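Chains as they are written, first to last, in the numbering used here: chain A, 1 to 114; chain B, 115 to 434.
Worth flagging that the hints you see were computed from the coordinates, not collected in a lab. Values in this document were obtained by computation on a predicted structure and should not be read as measured data. One should not assume that every hint holds.
Cut-off 25 Å, straight-line C-alpha distance, at most; resulting in silico cross-link-like pairs (DMTMM-like, lysine to aspartate or glutamate) [as the list claims (entries may be wrong)]:
1) B/K340 - B/E182
2) A/K100 - B/E339
3) B/K343 - A/D89
4) B/K343 - A/D30
5) B/K343 - A/E33
6) B/K340 - A/D26
7) B/K343 - A/D26
8) B/K178 - B/D201
9) A/K75 - B/D309
10) B/K340 - A/D89
11) B/K346 - A/D26
12) B/K346 - A/D30
13) B/K178 - A/E8
14) B/K366 - A/D26
15) B/K379 - A/D26
16) A/K82 - B/E339
17) B/K379 - A/D12
18) B/K343 - A/D93
19) A/K100 - A/D89
20) B/K178 - A/D12
21) B/K379 - A/E8
22) A/K100 - B/E190
23) A/K82 - B/D342
24) B/K346 - A/D89
25) B/K340 - A/E33
26) B/K340 - A/D30
27) B/K346 - A/E33
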Amino acid sequence: MATIDDLETLQDGISASIQTLLRAYDQCADPVESAAILIQSKQLAAQMAQIETNMFHQQAIHAGPAVDCAFVSAKGYTSQLKDMGGRLDRVSDIIATGAKLVDVVTQIVRWLAL
Amino acid sequence: MSQLPQTMISCRSFGGAMARFLPPVVWLMVMLWCAGCTAVDTKPVACLQQAMEANHKAAMGILKGVNEEMLPARIEQGVAGTTFSKDDLSLLTPADVAAWDDILSGLEAYCAALGDLTADKSSAAFATASGSFGLKIQSLVKAVKGSSAPSIGSARTAVGELGGILIKYQASREARTIAKAADPSFQTAIRSLIDALGFAGRPPTPAPHGLLATCEVNFWAMHAEKSDKQFKGDAIAGFDAMTPAERRAAIKDFIAWLGVEEDHKELVASVAALAAALDKAAAAHAALAQGSPGQIDAAFAELRAEIQTTVQICQKLQKG
Numbered sequence: 001m002a003t004i005d006d007l008e009t010l011q012d013g014i015s016a017s018i019q020t021l022l023r024a025y026d027q028c029a030d031p032v033e034s035a036a037i038l039i040q041s042k043q044l045a046a047q048m049a050q051i052e053t054n055m056f057h058q059q060a061i062h063a064g065p066a067v068d069c070a071f072v073s074a075k076g077y078t079s080q081l082k083d084m085g086g087r088l089d090r091v092s093d094i095i096a097t098g099a100k101l102v103d104v105v106t107q108i109v110r111w112l113a114l
Numbered sequence: 115m116s117q118l119p120q121t122m123i124s125c126r127s128f129g130g131a132m133a134r135f136l137p138p139v140v141w142l143m144v145m146l147w148c149a150g151c152t153a154v155d156t157k158p159v160a161c162l163q164q165a166m167e168a169n170h171k172a173a174m175g176i177l178k179g180v181n182e183e184m185l186p187a188r189i190e191q192g193v194a195g196t197t198f199s200k201d202d203l204s205l206l207t208p209a210d211v212a213a214w215d216d217i218l219s220g221l222e223a224y225c226a227a228l229g230d231l232t233a234d235k236s237s238a239a240f241a242t243a244s245g246s247f248g249l250k251i252q253s254l255v256k257a258v259k260g261s262s263a264p265s266i267g268s269a270r271t272a273v274g275e276l277g278g279i280l281i282k283y284q285a286s287r288e289a290r291t292i293a294k295a296a297d298p299s300f301q302t303a304i305r306s307l308i309d310a311l312g313f314a315g316r317p318p319t320p321a322p323h324g325l326l327a328t329c330e331v332n333f334w335a336m337h338a339e340k341s342d343k344q345f346k347g348d349a350i351a352g353f354d355a356m357t358p359a360e361r362r363a364a365i366k367d368f369i370a371w372l373g374v375e376e377d378h379k380e381l382v383a384s385v386a387a388l389a390a391a392l393d394k395a396a397a398a399h400a401a402l403a404q405g406s407p408g409q410i411d412a413a414f415a416e417l418r419a420e421i422q423t424t425v426q427i428c429q430k431l432q433k434g
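Start from the sequences, fold in the hints, and give me the full structure.
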């Protein structure tokens with residue numbers, strides 16, 4: 001079961017991840033990589049807004065162990081992105097981790113909407 | 115913001131001619147009016163009432179402002195989805211905004227009841243007023259429907275308790291007795307609103323989650339192309355290589371962007387100022403409930419200063 005605290009922690013992680021992505025976007029000169037980073041940051045911002053809207057409407061998500069697993073994965077990816085924010089030298093790694101984070105948060109948001 | 119110094123300058127030249135004719139007290143009032151200041155009531159309870167009225171107006175303006183600022187992002191997000199409904203239009207649903215409106219009306223009604231008690235009215239008049247304010251508050255929070263947000267839930271319960279306290283203590287002539295009994299509920303209601311705005315701690319500081327953080331990341335992600343590439347460092351990138359027509363178009367775009375960025379910064383500053391004002395109102399109520407005369411004076415001096423800021427926020431939001 002995921003609680004409001006879990007959702008707030010997830011938002012904290014997404015918020016930090018978007019900051020890493022935007023810093024990488026700021027420094028990235030490659031148009032393809034820049035476009036990928038921009039799309040990911042917009043997707044994560046949209047997901048953060050969906051979480052915010054839904055957080056106003058429920059105390060907890062009851063969707064079994066799959067949710068717990070998704071939260072653990074999201075926490076791992078946000079933590080990795082936060083670390084990458086300190087270096088910004090491997091943009092391809094940032095994009096790959098960003099994509100994984102978008103996927104796992106998509107699952108969480110789907111459960112929130114149930 | 116830029117209008118205030120001009121107003122003050124024109125007040126000074128106007129003042130030179132008028133000072134000889136106006137008695138000092140009237141002159142002070144004219145100066146306050148000219149400077150766009152709201153005269154703040156010096157009686158603590160009346161001051162609290164005034165503060166909560168201003169906070170209520172500012173909060174509603176800010177919630178509306180957040181939804182409006184998020185609209186372009188919501189449209190873009192909607193285009194990427196497969197369905198789109200009324201709920202997709204706003205970050206905060208109309209039911210949640212209406213719930214906060216009712217809760218803040220309840221807090222205002224509670225402060226109005228305390229104000230009646232300290233306005234030299236008879237016991238009977240206060241008993242009638244507090245009884246009806248109590249019932250009004252309870253009916254307001256009962257009307258909070260369609261929103262089950264945790265922060266709204268706890269604020270609603272707390273404000274309902276304020277109504278009950280007013281009814282229970284309607285025979286009392288002691289504002290402090292009522293404030294003491296009501297303080298835990300008052301604090302809970304205010305903390306819930308500060309929390310919902312996306313702030314934590316005392317004094318409130320922005321949290322990386324919640325309303326403000328969501329608004330911030332959406333704004334910067336949505337406008338990253340402009341802020342980080344096109345107009346990086348507040349300058350037009352590649353301006354030198356542009357044709358005159360391109361330069362003209364780029365300058366117009368740049369001006370529009372600066373306006374959008376300024377509006378966002380003002381909204382963020384308004385949310386922060388509201389959180390601070392709510393915190394000061396909570397501190398003032400706590401001092402009223404159980405503080406020493408010195409603590410009451412200090413808390414209300416801070417609250418009075420905060421009212422001016424909150425009134426300015428309301429004026430800005432109304433103009434915007």
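Outcome of the hint check:
{"no.": "1", "hint": "B/K340 - B/E182", "verdict": "holds (20 Å)"}
{"no.": "2", "hint": "A/K100 - B/E339", "verdict": "holds (23 Å)"}
{"no.": "3", "hint": "B/K343 - A/D89", "verdict": "holds (19 Å)"}
{"no.": "4", "hint": "B/K343 - A/D30", "verdict": "holds (12 Å)"}
{"no.": "5", "hint": "B/K343 - A/E33", "verdict": "holds (14 Å)"}
{"no.": "6", "hint": "B/K340 - A/D26", "verdict": "holds (11 Å)"}
{"no.": "7", "hint": "B/K343 - A/D26", "verdict": "holds (7 Å)"}
{"no.": "8", "hint": "B/K178 - B/D201", "verdict": "holds (15 Å)"}
{"no.": "9", "hint": "A/K75 - B/D309", "verdict": "holds (23 Å)"}
{"no.": "10", "hint": "B/K340 - A/D89", "verdict": "holds (23 Å)"}
{"no.": "11", "hint": "B/K346 - A/D26", "verdict": "holds (9 Å)"}
{"no.": "12", "hint": "B/K346 - A/D30", "verdict": "holds (16 Å)"}
{"no.": "13", "hint": "B/K178 - A/E8", "verdict": "holds (23 Å)"}
{"no.": "14", "hint": "B/K366 - A/D26", "verdict": "holds (23 Å)"}
{"no.": "15", "hint": "B/K379 - A/D26", "verdict": "holds (20 Å)"}
{"no.": "16", "hint": "A/K82 - B/E339", "verdict": "holds (22 Å)"}
{"no.": "17", "hint": "B/K379 - A/D12", "verdict": "holds (21 Å)"}
{"no.": "18", "hint": "B/K343 - A/D93", "verdict": "holds (22 Å)"}
{"no.": "19", "hint": "A/K100 - A/D89", "verdict": "holds (19 Å)"}
{"no.": "20", "hint": "B/K178 - A/D12", "verdict": "holds (24 Å)"}
{"no.": "21", "hint": "B/K379 - A/E8", "verdict": "holds (24 Å)"}
{"no.": "22", "hint": "A/K100 - B/E190", "verdict": "holds (22 Å)"}
{"no.": "23", "hint": "A/K82 - B/D342", "verdict": "holds (20 Å)"}
{"no.": "24", "hint": "B/K346 - A/D89", "verdict": "holds (20 Å)"}
{"no.": "25", "hint": "B/K340 - A/E33", "verdict": "holds (17 Å)"}
{"no.": "26", "hint": "B/K340 - A/D30", "verdict": "holds (17 Å)"}
{"no.": "27", "hint": "B/K346 - A/E33", "verdict": "holds (18 Å)"}
In this structure, none of the earlier numbered hints is contradicted; all agree with it.
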